[in-house]
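With the hints in hand, could you dock these two chains into one complex?
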Amino acid sequence: MPVRASAYRRILRHSRERSWWGRRQRWGVLFTLPVVLFLGVFFLYPLGQNVYLSLTRYDFLSPPRFIGLANYTRLLHDPIFLQSLATTGFYVVASTIPVCVFALAMALVLQRPGRINGFIAALFFLPVVISDVVVAIVWKFMLDLFGPVNQALSTVGQGAVSWLTDPSLVPWTLVIITVWQWTGWTMVIFLAGLRSIPRNLYDAARVDGATSWQMFRDITLPLLRPTLFFVLAISVITSAQSFGYQYVIGNGTGGPDSTTNVISLEIYRTAFTNLEPGYAAAMSIVLLLLLSIAIAIQMRVYPSELRKA
Amino acid sequence: MIRRGRSLVPRGAYAGIVAGILLLAFPFVWMLSVALGRSQDTYASPYHWFRWPLQFHNFLDSLSAAPFGRYYLNTLLVSSVTTAVVLITSSLAGFGLAKYRFRGRRVVFALVLASLMVPFQTLLVPLFLVVKKLGWLDSYQGLIAPFAVQGFGIFLMRQYMLSLPDALLDAARLDGASEWRVYRDIALPLSRPALAALAVFTFLDSWNQFLWPLIVASSPAHWTVQVGIADFFQRYNPRPELLMASSALAMLPMIALFVALRRFFTTSVPGLRMSR
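Chain order of the listed sequences is Z and Y.
Going by my numbering, the first residue of the first sequence is number 1, and it counts up by one from there.
Going by my numbering, the first residue of the second sequence is number 1, and it counts up by one from there.
Quick caveat, the hints were computed from the structure, so don't treat them as lab data.
It cannot be assumed that every hint is accurate.
[Stated by the list, open to error] Cβ-Cβ distance ranges computed for the label pairs, FRET-style:
1. Ile297(Z) - Ala256(Y): 39 to 47 Å
2. Ala70(Z) - Asp166(Y): 49 to 57 Å
3. Ala160(Z) - Ala19(Y): 16 to 24 Å
Each residue gets a CB set at the ideal place from its N, CA and C atoms; glycine is no exception.
Bound-form chain Y, shown alone (with noise of 0.2 Å):
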């Protein structure tokens, strides 16, 4: 057979593309101009890109404007702890309902599916009176505690373990293993792909969280960074560059843990934003 070789797409789709790129990248590029800029060309017309000499000063004025320090290191410190209570629970769960048969397996399962598709508004209030009594309020294990199990997690851990194959617990099982020891030993190791790519998705996630932490962090000591950067562009509105450049630290480390980690981001289905 010969092959025709025309392609499922006209040529002038791909100058589509490129405006796309091109689109994308303009905010990105206007915004290391102005972070790189004086505050009084911000706005000038017309606008001189990347005004020489650039302003490097602005990203450590702005880290210095507002304790940033303190915000990245508890955004690091929930992200980070986040991350490693939804592994340890989806994939116990995970485990639990993919391997297991027992009585009530439906119900739990329906409980985790209606976990999702509850939004986050409807437990807003009451989450809060319980982290509050909890004593939880403005403190790391209230910004921690809502988000210690998703159901997004254990989802994502059942179906990935269900493509386990049986026989290999059961080998496990008659050479004299535990349960326990099979899930933490082959079970585990065997899900490392679902481990990383929902470690990946529960960081990025918790680092953008923003509803929450707003209302739990009542003091500047506990906040976030994205609850400092919403104050910081409440208090130094008419300092674009200061707010650019800080935009940018904030961004700064998504980005990297993008560009280093990207298959994560975009082999498996991306995952669920429990917030936009």
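Same shape as in the complex, but just chain Z (with noise of 0.2 Å):
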């Protein structure tokens, strides 16, 4: 006998009755309270702050001044502030570039699945894992003017470079660092990106007698467009908030010549070594603003990356 449609109509009634729905809908509530009253005193209130106190001047001992936006038009005159701006994007842009190709070529080596090559992956890897003051002060050591890179490079005729001293070379010497811990990370991310292309596209190809180079420009490239916009997106993130290399190899002042006084170490002595935390406010400011923007552009060029992501 065929089940009336009233008798459903009654059931789908009683189960989706506005009270016991909504009743029980609202536990979604009270799951989530607790992240949202913490992310209001640990995340909105400190933020809103911030934003109060760029408009102050303040030395954590008297009361913030209500200054209006003078700390703002005094960092645009801030050769220092502008300095570390600038020390902070060519960080960003020189070290993402080296890291994503030499992951990216890495990773198109290794995609076949293997036990080997599962294995080589994860020992590229394994610098992640170590804290970036640990990194950055072994490789302090190893650039030492008599360290053992210099030493090579002196068997090879070079001489020795001033990785630590020199303010030219500084930045690079930054990159280096960024390159060696980071590439396998990236490196693993473009591997699950890799591995989520279809196969039989190659094949298709390969018998439509495509060369190596056109099923990468072809069928690679433009798959990998989520991956590589979320690594892109990753990268300027985090390098922009660098901080432990920076301090480590410049001693925490800023480096030769502020060599190594990126936005993040900067702030970090403008509120805590010269006590002006109100003008490093603005400056935070200021970095939040340049790095909306960052990402703002990004999701320009790839909204359905985002999506995907």
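Here it is, written out as structure tokens:
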């Protein structure tokens, strides 16, 4: 006997009955409440207070004194701040490009699933688990004037290089350290992206007579775009906030001639060494704005990729 | 169809991989060699790798030159508690966001995403002031508090829990389970893979934190390993063998974790670092 439609409607009406349904959904509020409260106290409130502080003169001791946009106008003409923006910008670009290029190249080589490839990938990933402070300490000793790197350079006739004290080289030293530590992590992400490309696309292309280069350009690259977008976004956000490397290499001073004075270090020093937290707050708001613009640009270029990621 | 057998990759590329491995390993090997050597041999030219006799005592000396035992304990405590709290808060919020439709849900999710986008430096000073007002400066709570809720964790748990079949949850409800029990006895056990991955990422990230502990932990009694070794570095700069020894020891816990739990690091998307 066919079930009567009215029976269905009765059951549905009962289970979707407003009070029972609504009451259950409200549990969602309960589950998310701790997080919302926490984010209110440790995220929204500090964010708001930071905006407020950026409009004041403050020294941690006496109450903040409102000075309007004076901090921001001071920033616009502050050579040290502008220099730190340039240093950070250089670091972000100069470290992201080699990392992505090497990581992608190695991921392409290692993309076939297998025990050996998996083991090699894990090996490359290893430096990521070390803290940036320890990485920088080891490299600082390695790049000493009499260290192994310079000794190796001497044997090939180049001669020792002042990796740590020559202001024109220090930015590249930071890049080298970054590439050493982060290529593996980026490679693992690319590997995941490469492995999600269906093999039969390559088979079909091969049947059509495509060369390796054509397959790379027309299959691999386009299908890797979401992954690429993700990697670029993460790289920009994290490298803009880089602190540990620069603190160690420059001994916390901002390095030879401000070459390690990235924005993160500059904010830290302004707030806690120079005791000008209001000014530092303004700097951090500028950083927030710049990062937001960078993310917005990337979302413009790859709007569909954001939805996939 | 006959397989051509032409690999996508030129054979010479493997040489690049080998070169990469050698470049990668070099700092590790040098660090160990210096750690097991004497001060004066560090920059000797020509360099003797692992010069006999090996100075194993350097490791012990480095541990006693600064209160590293205390640093390790502090870091272990902070990282463990942070991880536990993050697991709880992330799974609670992730469950709420994934399996319920309530007013303001989108706002909450937007809030979570926003917390991921804002750089830590923008919260640095006011967080310091908040922690100060709570009386948590130079304390374990102060070290843990800002990281107790992590947008990344919530995001991860929500993504995973979205895939849990609603039918299963409804079946539990029909059997009379309260929403809390649905969470605790159904959703949570089913989310073990995501929880495990999150635990690993959070622990690692917490262990390697530097900027925040540098600011909050003013007395050496509360220093974490990273702050301790940075301070050690500034004081013992001319003694490379001690520094390399303590660096090696500082790396060891995370390397051991990685070796033991490798799949959590490399199979799911590697966690976002909160700082670099």
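Hints that the structure is at odds with (numbers, increasing): Per hint list: zero violations.
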